[in-house]
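Guided by the hints, dock chains B and Y onto chain U, whose structure is given.
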Amino acid sequence: MKRRAKINLAGKYLVLSVASLLILLPVLWMVSTSFKNTPEIMNGKITWIPQEITFEAYLRLFQDYPFADYYKSTLIISAATVLIAMAFAILSGYGITRFRFPGRGAYLTFVLVTQMFPSIMLLIPFYKLMKTFHLNDTYTGMILVYVSHTIPFCTWLMKGYMESIPTSLDESAMIDGYSRIRILIKIICPLAMPGIAATAIYSLIQTWNEFMFASILINKETLKTLPVGIGQLNGYYRIQYNDLMAACIISSLPVVVIYVFMQKYFIAGLTAGAVKE
Amino acid sequence: MKKFVCFVLAFALVCTLLSFAGAESEEKVVIRILSSQQTENPEGSIEKSISDAYTALHPNVTFEYISAKSNEYIKKLQAMGTAGDMADMFQNSSNNLPTTVDLDLCFDLTGLFDAAYLDGLQPQMREEASYGGELLFMPTQSLPMALLYRDDWFQEEGLQPPETWDDFIACAQALTKDTDGDGVIDRYGFAMIATKDSSAGTRFLPILRSFGCREVYFEDGKWKTEVGSDAFKLACQTFADLDVKYHVVQPGSIETSYSEAANLLVANKAAMMITGSNALGTIYAQNPDLKGKLATCAIPAYTTHTSRLGTLGYSIYKGSEKKDVCADYLRFFLEENNALKWTEISYRVPVRTEYYGNLILQEKDMKGFVDGIESAYAWPQFLGIAKTYEIIGSVYQALITGSMDIDTASEQARVAMEELIESYE
Amino acid sequence: MITVNKHQYKPVLTIHQKDRIWGMLFVIPSFFALVLLVIYPMLNGFYVSLFNTNLVSRNTYVGLKYYGQLFTKPEFGNTLFTSLKFTVLVVCGHFLVGGLFASLLNKPFPGRSFFRMILVLPWVIPEVSIGLVWKWIFNPVYGIINYYLLQWKVISEPVAWLSNPATAFPIVVFISIWKGFPLIMLLISAGLQTISQDILEAGIIDGANRMQSVVYIYIPSLKPVILSAIILDTLWWFKHFTLVWMTTAGGPESATNLVSIDIYKTAFEYFQYGQAAARSVVVFAICLIISIIQRGGLREKKG
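Protein chains in written order, with the numbering used here: chain U, 1 to 277; chain B, 278 to 702; chain Y, 703 to 1005.
Just chain U, with the same shape it has in the complex (with noise of 0.2 Å):
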């Protein structure tokens, strides 16, 4: 029996490690480009660890290109658009789960059919209305753009959460004369920090990595995002492989960090929040 389990348990570490090779091989890729000079990635050889160490693809980032800028606005685009989905998605979801009211069914299948219209043709009409409210170029616009793109899913993950928290908490709350605003967030919001912990963070790589609506509807320099900005050095006459690695890094590094920070949350949260309907 114990043999087995070794056995069973060298296989785990075997498929893992396999597995883990797949996914590190472009990220190894990516790491040690981004400390190559020009002149060895155009040699052609394939070297893993650079001949030469160097970080002017990091520091061309931030003198070359305003690297800077697009970290502040990715940051407060992605910080603002997390705090009012997951507000509207922590409301909604206490709202379906807590009150029995006419239409609630429908809006659950209505805000899966906002999701179902091809993005790209949406491009334009979103120019549009970010110029009649004279949202154009602002952060105002991006996030309330960004807003609509994740409170979707924000909503039905944050609906099946609350289902999990027993309502016979509320009903005690309600009887100590606490008032339903007070209930939600002194009783609900922190037993459900978990799962809101998770579904922040689902908001959060889907904003911070969203390319085609900023890149279309921001047109100020120093308003553009990460993404943006990556894709910009995917120029059309000439790809800088370096520079464009070291972009894709220092763009990914804080989303890794908060991920590694909140993991244990994470995985706790999706839990509740997935399994029901």
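It should be emphasised that the hints constitute simulated quantities derived from the structure, not laboratory data.
Ideal Cβ placement from N, Cα and C applies to all residues, glycine included.
Hints may contain errors.
Some chain Y residues close to chain U (C-beta under 8 Å, calculated; not the full set) [what the hints assert, rightly or not]:
1. Ala735
2. Leu739
3. Val740
4. Lys941
Quick look at chains B and Y alone, frame taken from chain U:
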């Protein structure tokens, strides 16, 4: 966690408020320019240096660039046009002109410049910037196409620049080699671009013309096509044969984009490439050792030598209220020292004939491009040109992958072209 | 972690008038945000599909002509078929790979959180970068794949992976699975953690072997998770654009020509905005049908 959230919330609010606060003072003129050059290096900085120089002379005029990379450019143009949010000036080209005409964005520049000034423009380039007798963008530079080749390798092998496609195949065969003797070919005669987008289309259509086949042409008030003719079949077959029969091109021509093909020359892995003059800038920037080793000649001929001018320039938006300032800036942009910056740094051919005495244009790496002006044909002002790339591209791709024979593929393309022409009527 | 008590799902406290208003008040902010931002663009899409238009100057009413064209010519059907094939393979891939790793990572063992971090990386990296890196890795001249395969003498000359319809499609599917499985892995591993230990132990006492416990315990308990994740995953990948656009742009020939790529080209390269909108409406309808079928399956299981 709570503290973190509070902090982020506060930060976001402050920044959102700040974004409303950036009001501009009134006396100044701000010219908004939509440009795809801005995202390229070094083109973006040349463009910027010229507008900065203008601001130095006229401190009340400043420029705000809206940059969109080439792939996103048309989307941006369409979005801004639809929303009535167009920039005062926007980059235009012979390739994009029909689109901007369709979107009705360009102002006729004829009235803003005196006739004598406009006569100083190279006539074909002026024609490429005109539509229905109106000058819809001010040409600022052009990128004529030619065959770029490794002169040093040609001399090593005792080869002459190819005149015909047969010569070309012979040269390519002589230059395709296994240089390190490991049994695998590592140097290719020709860096071929056989995708079916504009990067391949703008190169293949001149080849097609060199076989005497016109993809689309305007005659008797309507668009017609010669796709499907014997010349068409021969051109596609010859092109595909470079890969499948003669094996003188790099593996994966179907997936090779322009920048990847240029990288093959940079890395000493390919000997020839059909390209516009700006490729020199791209290649030298990444491998300065190649200076002096590259030369250019006309695209090989079957019936005739051809080239594509690829004229670029700026349009002034119809609805702009700053047309005069824009026109003055364009005049400044075309002054000798500014226009020649593009030639010196980025290997563009100037549009004003008075600058053609410039010595750079006589060098062996530029000469083929400049000579291309003579043999260039008028680029068809056909709105469906991008679909044409796709239809014709499907033919040579089918031949390369071997999924269809030339007659079937060519017939399919003919039908598709006719439907296409009909759909744009 | 919160333990779930099956008897307490009922979303009803007390039903009276006040509750209705309260419930609606809670939902209104997100409803409003969605109506404001998504409904107009969507309705605009339906409307535009009836016109030959570039949205600015060209504007001719053509009625249902473009819908007719879609169904009389084989091209669009082929694109839809490619997209469906792509979606089925990618979504199945996500669930197989995601499910496998979720189960491997279910029980604690040394190195578990390390692997869990590695396996989630593809989800975190922007799609634009992933497309570029993979294209580079498969590059016939510079790519790592060809370099090693040549060195190990698996192939004798460089292979152009993305230029051959027979290899390009599977590679694009592979990259899409690579990118998307972590989310599914997280959802399933979350689901696995909620399966009550009691049920599993009861199964073992009853003498269930491994295979039986998978079939009778794991799959039924996970079905709700799987089904709700399937709906959104299918919707997202049926409309997928970026990765395929970056790697093959729909080629070679039309081997990877997904419907979103077709729509993109029609709108922004051929300037037939009305035609593109008509295609989008068809895609919308297909998504709607798929989700109705999937939700139907879900309800059936519940009942």
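To see whether the hints hold, each was checked on the structure:
no.: 1; hint: Ala735; in the structure: holds, 6 Å
no.: 2; hint: Leu739; in the structure: holds, 4 Å
no.: 3; hint: Val740; in the structure: holds, 4 Å
no.: 4; hint: Lys941; in the structure: holds, 5 Å
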